[in-house]
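*Asks:* The residues making up each chain are set out below.
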Amino acid sequence: MRKEKKITSIVVLVLFFSLLLSGSVLAQEEERYGGTLNAALQMSVAHLDSDNSTDSMITAMMNHVYEGLFEFDKNLKVHPYLAKSYQVSEGGLVYEVKLREDVMMHNGQIMNADDVIASFRRWLEINNGGKLVAPHFDQVEKIDQYNIRFTFKDPYAPFLNILASPVSNQKFVVRAEEVVKEFGTDIIERHVGTGPYKYEEWVPDQKLVLTRFEDYTPSSRESSFFAGERIPYLDKIVFNFIPDAQVRVSGVRTGQFQFAEEVPREQYQIFKRNENIKNEIIYPDRMSMLIFNSSEAPFDNKYARRAIAYALDFEELGYAMIGDPQFWRLESALHEEGNPWHVPDAGEGIYGVYDPEKAKQLLERAGYNGQPLIILSGQDNQMERQGAIAIQDQLRKIGIEVKLQLFDRPTVVEKRSKPDGWHMHLSPFIKVVPDPQIHQGWTGTNKWITNWDSKDSRQMDQIFAEMLREVDYEQRYKIVERMQAELWDSVPYFNILDYSRLHIRRAELKNFQAGWQPFFWNTYLE
Amino acid sequence: MLFLKKYNKYKHPYITISITILIILVFLSLFAPVITDYSPVRNHPRDRLQPPSRKHLLGTDQFGRDIFTRILYGIRASMQVGLAVVILTMITGGIVGITAGFYPRIDKVVMRFLDAMMAFPGIIIAISLAAIWGAGKFNIILALSFAYFPRMARIVRSSVISIKDLDYVESARAAGARDSRIILKHILKNSASPIMVQATFNFALAILDEAALSFLGVGIMPPTPSLGAMVTDARSYMVVAPWMILAPGIMIILAVLSLNLLGDGLRDLLDPHLKNTIKN
Chain A
14 MRKEKKITSI VVLVLFFSLL LSGSVLAQEE ERYGGTLNAA LQMSVAHLDS DNSTDSMITA
74 MMNHVYEGLF EFDKNLKVHP YLAKSYQVSE GGLVYEVKLR EDVMMHNGQI MNADDVIASF
134 RRWLEINNGG KLVAPHFDQV EKIDQYNIRF TFKDPYAPFL NILASPVSNQ KFVVRAEEVV
194 KEFGTDIIER HVGTGPYKYE EWVPDQKLVL TRFEDYTPSS RESSFFAGER IPYLDKIVFN
254 FIPDAQVRVS GVRTGQFQFA EEVPREQYQI FKRNENIKNE IIYPDRMSML IFNSSEAPFD
314 NKYARRAIAY ALDFEELGYA MIGDPQFWRL ESALHEEGNP WHVPDAGEGI YGVYDPEKAK
374 QLLERAGYNG QPLIILSGQD NQMERQGAIA IQDQLRKIGI EVKLQLFDRP TVVEKRSKPD
434 GWHMHLSPFI KVVPDPQIHQ GWTGTNKWIT NWDSKDSRQM DQIFAEMLRE VDYEQRYKIV
494 ERMQAELWDS VPYFNILDYS RLHIRRAELK NFQAGWQPFF WNTYLE
Chain B
626 MLFLKKYNKY KHPYITISIT ILIILVFLSL FAPVITDYSP VRNHPRDRLQ PPSRKHLLGT
686 DQFGRDIFTR ILYGIRASMQ VGLAVVILTM ITGGIVGITA GFYPRIDKVV MRFLDAMMAF
746 PGIIIAISLA AIWGAGKFNI ILALSFAYFP RMARIVRSSV ISIKDLDYVE SARAAGARDS
806 RIILKHILKN SASPIMVQAT FNFALAILDE AALSFLGVGI MPPTPSLGAM VTDARSYMVV
866 APWMILAPGI MIILAVLSLN LLGDGLRDLL DPHLKNTIKN
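As given, the protein sequences belong to chains A and B, one line each in that order. Mind the numbering: the first sequence is residues 14 to 539 in this note's numbering, read in order. Mind the numbering: the second sequence is residues 626 to 905 in this note's numbering, read in order.
Honestly, the hints are just simulated from the structure, not real lab data. Idealized CB from N, CA, C, for every residue including glycine. A couple of the hints might just be wrong.
Quick list of the computed label-pair ranges, beta carbon to beta carbon [to be verified]: (1) A:F196 with B:R860: 41 to 47 Å; (2) A:V260 with B:P658: 50 to 56 Å; (3) A:V260 with B:K733: 49 to 55 Å; (4) B:G874 with A:E328: 42 to 48 Å; (5) B:V651 with A:H60: 40 to 46 Å; (6) B:L879 with A:Q374: 30 to 36 Å; (7) A:A478 with B:G874: 40 to 46 Å.
With a straight-line Cα cutoff of 27 Å, these simulated BS3-like cross-link-like pairs (lysine-lysine) come out [what the hints assert, rightly or not]: (8) B:K762 with B:K636; (9) A:K315 with A:K220; (10) A:K416 with B:K733; (11) B:K762 with A:K431; (12) B:K636 with A:K410; (13) A:K428 with B:K762.
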């Protein structure tokens with residue numbers, strides 16, 4: 014009898030404490046809610062309709078308001094988001110998507126197949142991502158209120174990746190049917206989405222204000238960047254448009270902003286010494302690509318192009334182009350480590366091999382006559398300007414005469430589109446691409462700035478055509494490996510290194526994840 | 626030499642200071658390769674952003690290049706541009722000014738054109754020309770000369786007009802001298818002082834504007850050192866490496882200030898109306 018009493022009292026005690034503990038956890042969770050976040054972004058936007066603009070800023074901000082059927086996680090692996098599950102059948106011709114049935118929209122209605130289909134048709138018509146899909150696409154059908162069937166004319170493997178694309182003007186987001194009907198293909202000015210925040214106010218060139226959507230229903234999946242659970246702790250998010258970097262920095266110093274986008278990398282050590290400021294290095298972020306003009310001698314010969322890869326000391330370039338090694342890393346593959354399409358041994362034997370003697374031999378083999386080579390590059394971007402100067406210096410060291418042509422961006426774009434007048438061009442590429450198919454550099458023989466038209470380029474066309482049709486991941490990965498091997502064999506362009514931008518935040522902003530586009534769900538203010 | 630005689634008499638402090646600075650600058654730019662062992666363009670990225678030390682007197686920049694060396698070569702470029710612009714403006718401005726001043730018919734047409742040109746600030750003309758012709762030292766020299774010559778022409782013209790009706794010109798003409806002789810022998814010689822003063826100012830202005838053009842990216846192309854371009858590059862490192870911006874900035878100030886002081890001093894010295902204002 015006494016023993017039983019003892020056990021009972023222990024059980025009661027344990028129960029009592031566990032209750033207390035869970036209560037305090039709940040309270041802690043409760044404490045996270047509230048507050049206004051002021052973020053300083055570097056550029057203003059013209060409007061807020063991501064289907065109608067290539068401005069990545071729009072996508073970044075409106076990711077809080079609109080969500081996709083599919084979203085990417087930290088490693089750029091695609092996960093269902095507003096979709097509950099999906100099924101691919103008939104060799105990649107049919108995609109059946111089941112929607113989540115509990116998704117509330119900002120107009121108080123539950124999201125259903127009609128909203129998705131209306132948004133999808135608009136996306137297909139005007140969005141760049143949609144336009145990529147459209148030629149292969151057949152039709153979209155409503156099976157029932159929460160089931161949709163997408164049918165293709167021919168297999169189109171990158172479909173899901175494009176739907177979730179992190180690149181501006183590609184991602185598919187779900188808008189309310191009424192809004193799509195109201196605006197058609199015009200720029201949408203009334204915003205009804207499914208996201209954790211809803212549109213409140215936009216003052217052009219000044220700020221965008223978003224407030225928490227109280228009836229938001231988060232996804233039940235594990236949270237990782239854009240995929241999984243999103244919890245809106247903050248009451249309000251204010252995106253301020255502050256073009257001057259130093260103003261963004263001082264705003265964070267004084268506490269006016271809790272977050273500032275793209276600040277000078279050189280000040281990293283200074284921020285580090287300030288306990289109120291935390292550095293956020295973005296990775297994956299950018300690549301620095303050296304692009305050859307393959308239509309003009311000497312680079313119409315692949316041995317000459319390969320020679321340049323041997324002639325450059327990439328590590329030294331890293332210091333000259335970017336500086337602090339925390340902000341750059343050598344990477345031969347187009348997709349970073351951790352990404353499903355990462356090819357670890359890409360460029361083996363050529364990437365990062367500094368061998369000026371071999372470079373000279375290859376140049377001789379290519380019949381290089383000692384003519385001065387022209388590097389065309391931008392002068393406003395630090396990577397482009399300093400990279401071009403450093404490449405010139407390195408090539409001069411081994412006796413290759415190089416001329417620099419540094420211009421503002423529009424002039425560079427105009428000059429590089431011409432088949433002559435330049436030999437090399439240094440350009441920043443976005444590392445974060447949805448799919449190897451949509452890799453920024455390749456759009457087909459002679460279609461992009463490399464002016465590449467040869468047996469090799471047509472072989473590359475072939476590889477990309479195969480990649481387009483292959484739905485199976487394993488098989489497709491093998492094609493990607495071939496593509497990388499081919500790229501390093503004929504070298505129409507190559508990645509010198511990956512580099513990162515720097516964001517800063519106040520220390521009181523917690524749980525911030527440094528994504529390729531800044532986002533503020535799951536973050537909270539202390 | 627009238628100038629030396631006057632200088633000995635008044636010992637104008639502006640002139641003393643400015644000439645001293647100028648001599649140092651010219652010396653530095655002429656003997657740059659002897660003064661320093663470093664190359665102004667060769668990169669050493671691992672030694673980037675080093676603060677001033679015995680090895681690098683003024684530190685290094687973002688490519689690990691010695692800033693002291695780059696400044697020496699930078700002044701050299703500035704001096705070259707300045708000198709070339711002065712010579713070009715003196716020749717073109719002189720010819721246009723004299724013809725306009727001496728022949729009233731031509732004057733009416735030419736001067737209206739120059740008035741129109743002078744309505745634009747020189748730097749705007751220079752920027753647009755440099756943008757059209759492309760960057761590079763030679764193009765900047767042409768662009769700046771084109772921008773500055775109207776002012777020079779105007780100054781020459783006014784002194785020609787005031788001199789050409791003086792008695793000694795009249796007597797020369799009465800004695801049967803040809804126009805060319807009158808211009809060379811009498812007019813040019815007697816309008817030398819305002820031309821010299823303006824030339825000094827142009828020199829200073831050319832250095833400043835070359836820096837401005839290079840700062841904006843339409844000037845001297847990297848990696849050739851230019852003081853203006855060094856300031857541009859230094860801007861993004863200002864907080865972490867202040868020596869990068871201070872050194873070229875101070876150099877620009879020194880060069881421009883000394884030339885302006887020299888110009889002021891010369892004007893005081895050579896202007897007969899201002900003679901009495903000079904204090905010992």
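*Asks:* Indicate, hint by hint, whether the structure satisfies it.
*Replies:* Against the structure, the hints come out as follows:
1. A:F196 with B:R860: 41 to 47 Å: 43 Å, holds
2. A:V260 with B:P658: 50 to 56 Å: The hinted range 50 to 56 Å is violated for V260 of chain A and P658 of chain B, with Cβ atoms some 43 Å apart.
3. A:V260 with B:K733: 49 to 55 Å: 53 Å, holds
4. B:G874 with A:E328: 42 to 48 Å: Given range 42 to 48 Å: violated, Cβ gap about 32 Å.
5. B:V651 with A:H60: 40 to 46 Å: Violated, at about 58 Å.
6. B:L879 with A:Q374: 30 to 36 Å: Distance hint for L879 of chain B, Q374 of chain A is violated at roughly 50 Å.
7. A:A478 with B:G874: 40 to 46 Å: Violated - the Cβ-Cβ distance for A478 of chain A and G874 of chain B, about 57 Å, lies outside 40 to 46 Å.
8. B:K762 with B:K636: 37 Å, violated
9. A:K315 with A:K220: 50 Å, violated
10. A:K416 with B:K733: 46 Å, violated
11. B:K762 with A:K431: 26 Å, holds
12. B:K636 with A:K410: 52 Å, violated
13. A:K428 with B:K762: 21 Å, holds
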